[in-house]
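Novice: Each chain, written out:
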Amino acid sequence: MTRVTAKLIRQARSISPYLPPLLPANRSINQALLELKWIKCELPKNEWRKAVNKRLKWVPLQYILKTQPFGNLNILCKDGVLIPRWETEEWCMKLANLIKGLKLEKLSMIDACTGTGCISLLINDELKSTATNLDIHGFDVSGKAYDLAKENNEFHHLSVNFHLGDVFDEEILDKLQLTDVNLITSNPPYIPEEDYNKSVLLNGVSKSVKLHEPKLALVGNGEFYYNLLYNLVFPSSADGFVFELGYKEQADLVNEVAKLNGWRVGYMKDSAEKIRCVLGWKADGKFKSLKDLCSYVY
Amino acid sequence: MITKILKFKSSFINLVRFNRYNSSTNILHPSELPQLHPLLIKRVDILKNDLQNLSIKLESQYNEEIQTNYDKISSILSKYEEFNSVRSEITELYNITDSELIKDATMEITNLQPKYTDLIKELNYHLIPPIKFAEKPCIIEMHPGVGGSEAALFTFDLLQMYINFCHFKKWKFTIISMNKNSSGFINEAILSIDEPGSYDTIRFESGVHRVQRIPETETKGRVHTSTAAVVVLPKISEGNESTLVEDEKFFKPNEIRIEYMRASGKGGQHVNTTDSAVRIVHLPTGIIVKQQDERSQPRNKAKAFALLRSKLAEIERIEEINFQKSIRNEQVSTTDRSDKIRTYNYPQNRITDHRCNFSLHDIDGCMKGNKLIEIINKLKEDDYKTRLRQLIGDYSTK
Ligand SMILES: C[S@@+](CC[C@H](N)C(=O)[O-])C[C@H]1O[C@@H](n2cnc3c(N)ncnc32)[C@H](O)[C@@H]1O
Numbered sequence: 001m002t003r004v005t006a007k008l009i010r011q012a013r014s015i016s017p018y019l020p021p022l023l024p025a026n027r028s029i030n031q032a033l034l035e036l037k038w039i040k041c042e043l044p045k046n047e048w049r050k051a052v053n054k055r056l057k058w059v060p061l062q063y064i065l066k067t068q069p070f071g072n073l074n075i076l077c078k079d080g081v082l083i084p085r086w087e088t089e090e091w092c093m094k095l096a097n098l099i100k101g102l103k104l105e106k107l108s109m110i111d112a113c114t115g116t117g118c119i120s121l122l123i124n125d126e127l128k129s130t131a132t133n134l135d136i137h138g139f140d141v142s143g144k145a146y147d148l149a150k151e152n153n154e155f156h157h158l159s160v161n162f163h164l165g166d167v168f169d170e171e172i173l174d175k176l177q178l179t180d181v182n183l184i185t186s187n188p189p190y191i192p193e194e195d196y197n198k199s200v201l202l203n204g205v206s207k208s209v210k211l212h213e214p215k216l217a218l219v220g221n222g223e224f225y226y227n228l229l230y231n232l233v234f235p236s237s238a239d240g241f242v243f244e245l246g247y248k249e250q251a252d253l254v255n256e257v258a259k260l261n262g263w264r265v266g267y268m269k270d271s272a273e274k275i276r277c278v279l280g281w282k283a284d285g286k287f288k289s290l291k292d293l294c295s296y297v298y
Numbered sequence: 001m002i003t004k005i006l007k008f009k010s011s012f013i014n015l016v017r018f019n020r021y022n023s024s025t026n027i028l029h030p031s032e033l034p035q036l037h038p039l040l041i042k043r044v045d046i047l048k049n050d051l052q053n054l055s056i057k058l059e060s061q062y063n064e065e066i067q068t069n070y071d072k073i074s075s076i077l078s079k080y081e082e083f084n085s086v087r088s089e090i091t092e093l094y095n096i097t098d099s100e101l102i103k104d105a106t107m108e109i110t111n112l113q114p115k116y117t118d119l120i121k122e123l124n125y126h127l128i129p130p131i132k133f134a135e136k137p138c139i140i141e142m143h144p145g146v147g148g149s150e151a152a153l154f155t156f157d158l159l160q161m162y163i164n165f166c167h168f169k170k171w172k173f174t175i176i177s178m179n180k181n182s183s184g185f186i187n188e189a190i191l192s193i194d195e196p197g198s199y200d201t202i203r204f205e206s207g208v209h210r211v212q213r214i215p216e217t218e219t220k221g222r223v224h225t226s227t228a229a230v231v232v233l234p235k236i237s238e239g240n241e242s243t244l245v246e247d248e249k250f251f252k253p254n255e256i257r258i259e260y261m262r263a264s265g266k267g268g269q270h271v272n273t274t275d276s277a278v279r280i281v282h283l284p285t286g287i288i289v290k291q292q293d294e295r296s297q298p299r300n301k302a303k304a305f306a307l308l309r310s311k312l313a314e315i316e317r318i319e320e321i322n323f324q325k326s327i328r329n330e331q332v333s334t335t336d337r338s339d340k341i342r343t344y345n346y347p348q349n350r351i352t353d354h355r356c357n358f359s360l361h362d363i364d365g366c367m368k369g370n371k372l373i374e375i376i377n378k379l380k381e382d383d384y385k386t387r388l389r390q391l392i393g394d395y396s397t398k
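Those protein sequences? They're chains A and B, same order as listed.
Quick note on the working numbering: the first sequence kicks off at 1 and runs consecutively.
Quick note on the working numbering: the second sequence kicks off at 1 and runs consecutively.
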């Protein structure tokens with residue numbers, strides 16, 4: 001990361017007057033040029049100035065352009081709802097390919113903490129032209145997320161059922177009237193409060209995330225995984241789960257709790273070699289091949 | 001006695017011919033018409049044999065590739081049949097001596113002659129063994145060479161020239177990526193031309209292009225010389241999400257290293273970076289491809305994989321050519337990427353291609369896309385001659 005110096009700003013201005021405001025969030029002319037290109041491609045000319053000025057205030061580019069590519073989808077993004085991350089996209093594609101290979105008769109899936117709905121929508125999209133019957137649900141506690149997820153569903157002509165719901169609600173399964181479930185996914189808030197307040201250099205969150213993405217979508221820890229297991233995985237007939245996470249301790253906790261209930265557990269890393277998901281399956285259940293996605297099995 | 005008759009016959013022919021000239025048409029004696037090279041006629045037999053083999057294969061199992069190949073060969077062969085029948089028609093018509101019919105016959109020959117010439121042109125082109133990947137679309141990679149910012153501007157001009165050429169040919173194209181350096185000058189442009197077979201036309205553009213002109217920034221009016229390097233690759237894969245799976249499978253896991261240009265830190269929910277660049281290192285060759293233009297990381301990855309496959313295909317093609325040359329004991333020309341192939345001299349309004357010593361005196365027409373074909377056709381002609389010579393060489397050593 002280069003520092004934004006007066007020289008860098010001068011250099012940027014000589015290329016384009018729109019470029020300097022993009023420097024703080026990007027740190028390099030190269031990346032700023034790319035963002036400018038995307039802004040110019042996706043927005044009408046009279047919005048360019050406003051767009052770069054928003055970016056100067058660290059507004060995520062995804063909110064400015066109102067979308068984020070996610071697999072073959074272009075997920076609509078709005079203020080107040082977390083932007084889908086490439087790490088999520090990556091494991092989600094792997095999961096979709098794995099499910100395709102299983103050639104299930106039916107997939108009943110719940111995506112908890114669904115946000116934009118990206119996980120459930122991508123699975124739906126990837127499997128819609130297969131023989132598998134799909135019954136996919138997503139829920140979130142945030143009204144903004146619920147609205148946006150429904151909008152995304154319509155925008156992509158998909159058939160996920162979205163609901164308002166709380167992971168901490170012990171009766172959530174009954175309320176959603178979903179008992180016949182075989183797969184649970186979730187990307188719950190997983191940043192511990194103390195890290196949320198640290199700088200990005202010390203495992204904290206970046207300025208743009210902190211200033212503009214909802215804290216509700218970010219701050220959380222073991223309690224989410226605990227409740228996902230007790231309120232969704234164990235009471236349902238699920239025989240597979242995939243939860244995104246950011247810390248090894250979170251995977252360890254899931255393993256501790258789930259193995260006592262007869263589950264096999266492993267974790268998977270993303271392509272940046274960071275621990276990214278904890279996966280669970282029944283030893284001889286439909287989803288035992290989730291094991292193949294793991295870099296480590298407990 | 002026989003000679004007498006022959007003599008008589010030939011003078012008779014001359015007479016007929018004289019008559020025909022009198023009727024102010026321009027027809028040639030069949031023996032004066034252009035002929036197919038005997039080696040190309042030999043190729044017809046080889047193709048007939050190939051066709052038979054393919055049809056046997058197709059009987060046992062349908063395969064799209066074999067079918068396309070089959071169709072291609074049979075269309076060449078039917079062209080050849082057509083050519084033969086046109087030729088014998090012309091000969092027959094020519095031999096008509098009945099004075100009442102001569103006029104009609106002459107008319108008929110006048111009609112058939114252009115057809116004959118067209119057919120022979122096509123056969124000349126199709127009967128020679130095709131170059132590898134001739135049927136593919138192509139990718140053009142351009143980099144500025146010596147000359148600083150002027151070289152970058154010239155690189156951009158070349159990109160524009162190829163785009164204009166696509167418009168002229170009505171070919172679809174996409175700019176795969178265009179990177180600028182920190183001064184805002186282009187340092188790489190990659191253009192994809194999605195027309196099947198465009199590789200066979202554009203491949204002559206590979207090499208160093210040199211420009212001589214007064215840069216806009218030059219205050220003293222001096223002519224500068226700068227260069228840009230152009231590499232033309234056959235397009236093997238579409239490079240989108242649906243081809244990605246197959247492209248990834250094409251490589252063994254230990255053959256490639258995929259790198260994501262990401263800042264350190266926790267990743268995931270902690271950051272919302274827009275950096276989706278992907279870099280692939282092909283370990284056996286050391287080739288590195290990088291893509292960053294798309295907001296979607298999988299799309300960048302798909303494009304990078306496609307580019308890598310194109311680069312490897314081009315290497316494979318060149319190696320094959322060199323191998324065949326070494327069989328023929330010919331000098332193996334290491335396609336020297338520093339060889340200047342063409343000079344664009346603005347003050348003289350002249351583009352000279354050094355490979356075929358051809359000059360076009362219309363820079364603007366070339367840059368606007370409609371005159372480039374004149375240079376390419378010249379190169380194609382030369383290339384054809386070389387390939388025919390090689391074919392002859394191959395036969396004579398056998
Ligand atoms: C990290 S975001 C993930 C969003 C989306 N699944 C994705 O991967 O982009 C976490 C989501 O959990 C939701 N959430 C927070 N607390 C929740 C709770 N108690 N019950 C259900 N959802 C909750 C937030 O509103 C947010 O949308």
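If you are wondering where the hints come from, they were derived from the structure by calculation, not from laboratory data.
It cannot be assumed that every hint is accurate.
What the hints assert, rightly or not - Beyond 12 Å from chain A on every Cβ pair, some chain B residues (computed): (1) TYR62; (2) THR117; (3) LYS180; (4) ASN181; (5) SER182; (6) GLU259; (7) LYS266; (8) GLN269; (9) ASP275.
What the hints assert, rightly or not - One side of the interface only, derived from the structure: several residues of chain A facing chain B at Cβ under 8 Å: (10) GLN11; (11) ILE172; (12) VAL205.
To be verified - Where chain B lies over chain A, by a calculated footprint (3+ residues, C-beta under 8 Å): (13) 134 to 142; (14) 265 to 277.
Bear in mind the structure is a predicted one, so any value in this text is a computation, not a measurement.
Glycine residues also receive a C-beta, built at the ideal position from the N, C-alpha and C atoms.
Novice: Work down the list of hints and note, for each, if the structure agrees.
Specialist: For each hint, the structure was consulted:
1. TYR62: holds (24 Å)
2. THR117: holds (49 Å)
3. LYS180: violated (6 Å)
4. ASN181: Label violated. Min Cβ-Cβ 8 Å, cutoff 12 Å.
5. SER182: violated (4 Å)
6. GLU259: Given that some Cβ of chain A is not farther than 12 Å from that of B/GLU259, nearest at about 9 Å, it is violated.
7. LYS266: At about 5 Å from chain A, B/LYS266 fails to clear the 12 Å cut-off, so the statement is violated.
8. GLN269: violated (5 Å)
9. ASP275: violated (6 Å)
10. GLN11: Where the cut-off is 8 Å and the nearest Cβ of chain B is about 6 Å from A/GLN11, the hint holds.
11. ILE172: Check failed: Cβ of A/ILE172 comes no nearer than 22 Å to chain B, outside 8 Å.
12. VAL205: Holds, because the Cβ-Cβ distance from A/VAL205 to chain B comes to roughly 5 Å (cut-off 8 Å).
13. 134 to 142: n = 0 at 8 Å, threshold three: violated.
14. 265 to 277: holds (count 5)
The structure fails to meet hints 3, 4, 5, 6, 7, 8, 9, 11, 13 from the earlier list, while all remaining hints are met.
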